[in-house]
Amino acid sequence: MSENSGRWILLIVDDDQQLRQTVERSAKLELGDLGLDILTACSGQDGIDQLRKKGLESGDEVFVLSDFDMLGMTGLEFLVGLPIIFPDVRFGRMIFSGGSDHNRRSTERAGCWFIEKPFSITELFLHIHTFFGRK
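Each residue of the sequence shown is one higher than the one before, starting from 125 at the first, in the working numbering.
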């Protein structure tokens, strides 16, 4: 973590518990050297609640990986709303979804990264390392 920043947090949001757990386990093994706090949530609202519970502060940096299709708010609605709810926090936002061109275009127009399911953990972790300034 750099001297000028707050905490580094990875938030994994998906209504598929198995996928959440798989990504979380892989992240703990492969990204442990980054000193990330790793959170998981089963919906967009749960993700917001987890971040509020964490008590985000100015200087914190959060990389959020979210499914596109979830009950309640979509992953895109969730990710677009985060900087409004937490204006002093730097977010890296990535959506994963099936191969829909509409989902990809919508995601990229909103300033979020898009990764197609099934995705490579290596590709995902490259984005996370890039966001936190390491390769």
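Among the clues, some could well be false.
Computed list of lysine-lysine pairs in BS3-like fashion (alpha-carbon distance at most 27 angstroms, straight line) [to be verified]:
| # | residue 1 | residue 2 |
| --- | --- | --- |
| 1 | 178 | 152 |
| 2 | 152 | 177 |
| 3 | 241 | 152 |
What the hints contain is simulated information worked out from the structure, not anything from laboratory work.
Just so you know, these numbers come straight off a predicted model, no measurement behind them.
Results of checking the hints against the structure:
| no. | hint | verdict |
| --- | --- | --- |
| 1 | 178 - 152 | holds, 18 angstroms |
| 2 | 152 - 177 | holds, 21 angstroms |
| 3 | 241 - 152 | holds, 21 angstroms |
Against the hints set out earlier in the document, no violation occurs for any number.
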